[in-house]
Structure formats: structure tokens, C-alpha cells
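> Sequence:
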Amino acid sequence: MARVFNITMGTGFALSINPKSQDIGGQLILNVLDPGSPLQQWQWLFMPGVQASFLYNPARNLCAAPKSVSQGAHIVLNPMSLEPHSANTFQVLGNVNAAVRPPADTNLNLNAFGNSWAAGTAVGLWSWSGGKANEVWTSTSA
Numbered sequence: 001m002a003r004v005f006n007i008t009m010g011t012g013f014a015l016s017i018n019p020k021s022q023d024i025g026g027q028l029i030l031n032v033l034d035p036g037s038p039l040q041q042w043q044w045l046f047m048p049g050v051q052a053s054f055l056y057n058p059a060r061n062l063c064a065a066p067k068s069v070s071q072g073a074h075i076v077l078n079p080m081s082l083e084p085h086s087a088n089t090f091q092v093l094g095n096v097n098a099a100v101r102p103p104a105d106t107n108l109n110l111n112a113f114g115n116s117w118a119a120g121t122a123v124g125l126w127s128w129s130g131g132k133a134n135e136v137w138t139s140t141s142a
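For the sequence shown, my numbering assigns the number 1 to the initial residue and increments by one for each residue that follows.
Treat the hints as calculated values from the structure; they're not laboratory data.
Mixed in with the good hints there might be a few duds.
[Unchecked claim] The calculated lysine to aspartate or glutamate pairs, modelled on EDC-like cross-linking and capped at a C-alpha distance of 16 Å, are:
1. Lys67 to Asp23
2. Lys67 to Glu83
3. Lys67 to Asp105
Everything numeric in this text was worked out from a predicted model, so none of it was measured.
Using the sequences and the accompanying hints, generate a full structural model.
Here it is, written out as C-alpha cells:
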């Protein structure tokens, strides 16, 4: 069985499904870390064919992927029937303070948008800026 993780950014906020939009097309946001919340529990499901991983939420049976592989694209929920490829999977470059990038464009990175971050901040793709708090992620066993 795959391990379940809470994924937090550099300031400690957690990657979360938006409680107001928990179905296909729903947006990922930051939220105050609640390790027991099923909206904040994730699995990295390795897809050997693309040498990258789906970001999977077992409680909702949905995976999260960029709406498109472009700067500013939001990370949204998708059905698990999605065919894995380099545009909807992530390369996770470590467990602590790591970059999380789509293999289709490794200049882009999972990013909490904006210059200050609070609960409710949208998460998407943005260009890498050297490891700022809003672009590094830690996966901790839930």
C-alpha cells in the first residue's frame, strides 16, 4: 500500500483540496496543516512509463494535475482514469524542501501564487526562483 503524506510548503501551510470544491475541476489551495484531514492527505503514485508520479488523494479518489503546462496554470482535480504522461505527473526532487515539477517543462514548479501566502492561496505552476518558501515542498507521513 502506498504511503500517505501531508505536503507542506516552506512556511508550513499544507497542500489541500479546496473544501468548497472537492470534485473534478476543483482547485488546490494552501490551508492550515491538519494532518488528519482527508483533504490534505496525498500519495505519490509512481508511473514507470513516464518516470514521474501522480499526486493522488485517496479520500476523493482523484489525482491533481496542472490544468495546462504553462506559467500560471492552476492545479486541479482529475479522475484517476487520466492517462499518465509528462504533462499531468510530477517529478518530486526529494522529501524535504524539494522542487515538484511536471516533466513536460522542468522550468516550471509547483508554486503557491503571490508574494504572501495564507490559507486559501491558490496553487499552480510558476517558473523556478531558486527555492523560495512558496516553491519548495516537504512530504511528511500522515
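> It remains to establish, for every hint, whether it holds in the given structure.
So, going through the hints one by one against the coordinates:
no.: 1; hint: Lys67 to Asp23; result: 14 Å, holds
no.: 2; hint: Lys67 to Glu83; result: 14 Å, holds
no.: 3; hint: Lys67 to Asp105; result: 14 Å, holds
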